[in-house]
Amino acid sequence: MNSFIYIFVAWLISAISTLGSLFFSEIMDLPPCVLCWYQRICMYPLVIILFIGFMTSDKKVLKYAAPLGLIGWIIAVYHNLLYYHLIPKSASPCVKGISCTTVQIEWLGFITIPFLSLVGFSLILILFFLNSRTRK
Amino acid sequence: MMNSKKTLAILSVLILGLGFTLAVMMYKKSQKTETAEMAQTHSDVFVRDYAMTQGPDDAKVVLVEFMDPECESCKEFSPYVKMIMSEFDGKVKLVIRYALFHPNAMMMAKILEASRRQNKYWEVLEVLFKYQPQWGSHHEPKPELVWGFLSEAGVNIDQIKTDMNDPVIQANIDQDQADVAKLGIRYTPTFYVNGKPLEDFGVEQLKTMIRTEIDK
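Protein chains in written order, with my numbering: chain Y, -14 to 121; chain B, 222 to 437.
Calculated directly from the structure, the hints in this document are not laboratory data.
Watch out, some of these pointers could steer you wrong.
[As the list claims (entries may be wrong)] Beta-carbon label-pair distances, calculated as ranges:
id	chain 1	residue 1	chain 2	residue 2	range
1	B	361	Y	-10	51 to 57 Å
2	B	425	Y	62	47 to 53 Å
3	B	300	Y	41	54 to 60 Å
4	B	225	Y	44	15 to 21 Å
5	Y	41	B	354	49 to 55 Å
Where is the CB? At the ideal position from N, CA and C, for every residue including glycine.
Build the full structure now, drawing on both the sequences and the hints.
Here is the structure:
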């Protein structure tokens, strides 16, 4: 199993993130903002790609998964910078519906939805890195 | 090796699925108790004395509808509300509240409130719903079109234009929006039967709830 255990853990994180985001929007009825949608576009396919990569021990899995993880991570970083007012809101692309800086959940004072997304994408990227290193 | 992989995969999918279902069930249950408590401690959140009503004040069942004149589902559902009111004639008091989620909904709510002074509320509501596809189109809303349609309701339009700017009307609508936030309403129409939310949306389900309250 060796290096594919990283792919499995990354899959687990993407699956939890997917279910979690669906719980927020479909069960708790919190409307997702535009940036959340862009991050979802990167996160949701990872559940399928990583699962198939893990099950078939496909050595090329990172070729398909890494770009999604990286793009998602960049959007998540941008979202967090906006959210915590580290870059001005005027740079925000949100025009319609819910604002990307509306705080909807704040657990323990620092765990917000964009924060969870950033943690998820960061962990996935770290696991991708570990996977690529062990194989060499 | 393939086998241990399969076991791991099946196990984690099962655990994730189970965990998700459990979380959903727990969340729904806690939501239910919250609304039930709200209904007991803050009954005025549902019914304000200024709100438009239909049916006897001493009716056994109070049906509260939070609606938006610009919402398509409210338009689609309105004939059924009428049907319910005639079917349970005299046993149900309908209370209309505003949950304004659409861009021109505030203007329409003000027109509706102003029409009450001419005793034409239900006529105006009917006209607003009838022509909603024209004035309330999502791509290109044309709220100004509404004035042309309103003559069909037999109202004095100039009088409405004056009355709708009354601060009392604005204050009442604002109170409705505050109650919407307090109740956490996200969809229109949202119905409450004697303070209990209609959870499974539908005409038959609403009728069943009303029947249960009447038979109590």
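Each hint tested on the structure:
Separated by about 55 Å at the C-beta atoms, residue 361 of chain B and residue -10 of chain Y satisfy the suggested range of 51 to 57 Å. Under the hint 47 to 53 Å, the C-beta atoms of residue 425 of chain B and residue 62 of chain Y, about 49 Å apart, fit the expected range. Taken as a hint, the range 54 to 60 Å holds for the pair residue 300 of chain B and residue 41 of chain Y, whose Cβ atoms sit roughly 55 Å apart. At about 19 Å, the beta-carbon gap between residue 225 of chain B and residue 44 of chain Y stays in the expected band of 15 to 21 Å.
Distance hint check: the CB atoms of residue 41 of chain Y and residue 354 of chain B are about 51 Å apart, consistent with the given range 49 to 55 Å.
Checked against the numbered hints above, the structure violates none of them.
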